[in-house]
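**Student:** Sequence:
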Amino acid sequence: MYQAKHSISLLFNANKVYDRQVIEGIGHYLQSSKVDWDVYLEEDFLARLEHIEEWGGDGIIADFDDPAIQSALLNAKVPVIGIGGSYSNDEDYPDVPYVATDNFEVVKAAYEHLKKKGLERFAFYGFPADQNHRWAVERERAMVKLCKADGYDCSIYRGHPTRPETWQYTMNRVTDWIQGLPNPVGIVSVTDARARHLLQACEHIGKLVPDSISIVGIDDDDIARYLSRISLSSVTQGCFDMGFQAAKLLHRHLDNPNLKNKRVLVPPAGVSERQSTDFKALKDPYVIQAMHYIRQNACRGIKVEQVLDYVGVSRSNLEQRFREERGHSIHTEIHNEKLAKACKLLAEESMSTNDVAQVCGYPSLQYMYAVFKKHYDKTPREFRDGAK
1 MYQAKHSISL LFNANKVYDR QVIEGIGHYL QSSKVDWDVY LEEDFLARLE
51 HIEEWGGDGI IADFDDPAIQ SALLNAKVPV IGIGGSYSND EDYPDVPYVA
101 TDNFEVVKAA YEHLKKKGLE RFAFYGFPAD QNHRWAVERE RAMVKLCKAD
151 GYDCSIYRGH PTRPETWQYT MNRVTDWIQG LPNPVGIVSV TDARARHLLQ
201 ACEHIGKLVP DSISIVGIDD DDIARYLSRI SLSSVTQGCF DMGFQAAKLL
251 HRHLDNPNLK NKRVLVPPAG VSERQSTDFK ALKDPYVIQA MHYIRQNACR
301 GIKVEQVLDY VGVSRSNLEQ RFREERGHSI HTEIHNEKLA KACKLLAEES
351 MSTNDVAQVC GYPSLQYMYA VFKKHYDKTP REFRDGAK
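Heads up, the sequence shown is in the working numbering, so the first residue is 1 and it goes up one at a time.
Hints listed in this document are in silico derivations from the structure and should not be mistaken for laboratory results. Warning: the hint list may mix true and false statements.
Ranges of calculated distance between the beta carbons of each label pair, as one might list FRET restraints [what the hints assert, rightly or not]: (1) Asp92 - His160: 41 to 47 Å; (2) Lys115 - Arg381: 34 to 40 Å; (3) Gly270 - Gly180: 27 to 33 Å; (4) Ala76 - Asp176: 51 to 57 Å; (5) Gly180 - Lys5: 58 to 64 Å; (6) Gly180 - Ala76: 43 to 49 Å; (7) Glu120 - Arg323: 25 to 31 Å; (8) Thr162 - Glu24: 23 to 29 Å; (9) Lys280 - Asp176: 26 to 32 Å.
In silico lysine to aspartate or glutamate, EDC-like type, Cα no more than 20 Å apart, as pairs [said to hold, decoys possible]: (10) Lys280 - Glu324; (11) Lys108 - Glu324; (12) Lys148 - Glu203; (13) Lys283 - Glu325.
Cβ coordinates follow ideal geometry from the N, Cα and C atoms, glycine included.
Construct the entire structure; sequences and hints are all you get.
**Tutor:** Below is the structure:
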């Protein structure tokens, strides 16, 4: 009968991209190291703690951002590797080998991204402080520290927990906060999910993103990316590497149970820049309005006339303002927006070139081919191959 050398349990509530990528990293270590492990994970990817003390395995990798999981493993008789957020106070770390996302560096990546856009006003949208969101408090502290070091003020808003029965109240309060912020302002959101609150609120009250408010989230969740009309810039955490490092630590502790506890801080993988932080320091209010409309509608096949109708000024007037602010015509701006979208889809997505042409508002695949040949002397397929 087949029997693995070690039986390992993964305790995660894998309903978030963070947890799924951690688990993926663990799996990659299993494949690359050829360890003989039998890995147990609930079929619905939820961590169930009932009778955990009766589990007869050899090691555990667990989400220590969850207080219930951390508490349940206090007296574990097998090696436990904790995964969670970093802390500014060493005393807050659990007494186990621990792999952490570096919360300070995660927020710093978002903050520096906004600073590079020329923004000098900043805000942070977090979570109400509680034991389930200690990592959110750490990110808030990091944002305050970074702004203070550069001599900037930072407006902090923690908001409310999201529940169906209080959703409208929560969004009204977010809207109130946004309306009180100076413009232009860059907001770091504690997660992508909270960043979507900001995007929805801005759309409801007519705040222009990114011209008045630039927003960057944390997690780079593929699903969240498509739930707002304005695509969200976001920090990609090093979750995959966290999982890999956690499995590596457990491997060492299984081979040598007397090893001292080690702490590993994993930096973010980078910032995925999208429309929500495509800020350019524009001064002309008509050009700002036009740019907002073009960003949202360029791939719907709009013409210059529709931009003029939206802004409400004559063509000669807006064309002159555009050339002064942007250095080119309204038509060129629409063209550039569509081309940038096509390039991004070809480089980052697996959809067919025909689908890319349709999504970006080109009248035909042949037309998009002509555009790419003119600008890059490449076909879209050649551009995609080069990007990879």
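**Student:** Against each hint, give a clear statement of whether it holds in the structure.
**Tutor:** Consistency of the hints with the structure:
1. Asp92 - His160: 41 to 47 Å: Given about 25 Å between the Cβ atoms, the range is violated.
2. Lys115 - Arg381: 34 to 40 Å: Holds, at about 37 Å.
3. Gly270 - Gly180: 27 to 33 Å: Given range 27 to 33 Å: holds, Cβ gap about 32 Å.
4. Ala76 - Asp176: 51 to 57 Å: 46 Å, violated
5. Gly180 - Lys5: 58 to 64 Å: 60 Å, holds
6. Gly180 - Ala76: 43 to 49 Å: For Ala76 against Gly180, whose Cβ atoms are near 48 Å apart, the range 43 to 49 Å holds.
7. Glu120 - Arg323: 25 to 31 Å: 27 Å, holds
8. Thr162 - Glu24: 23 to 29 Å: The hinted range 23 to 29 Å holds for Thr162 and Glu24, with Cβ atoms some 27 Å apart.
9. Lys280 - Asp176: 26 to 32 Å: 28 Å, holds
10. Lys280 - Glu324: 14 Å, holds
11. Lys108 - Glu324: 34 Å, violated
12. Lys148 - Glu203: This hinted pair is violated, its Cα atoms lying about 30 Å apart.
13. Lys283 - Glu325: 8 Å, holds
The structure is inconsistent with the numbered hints 1, 4, 11, 12, although it conforms to all the rest.
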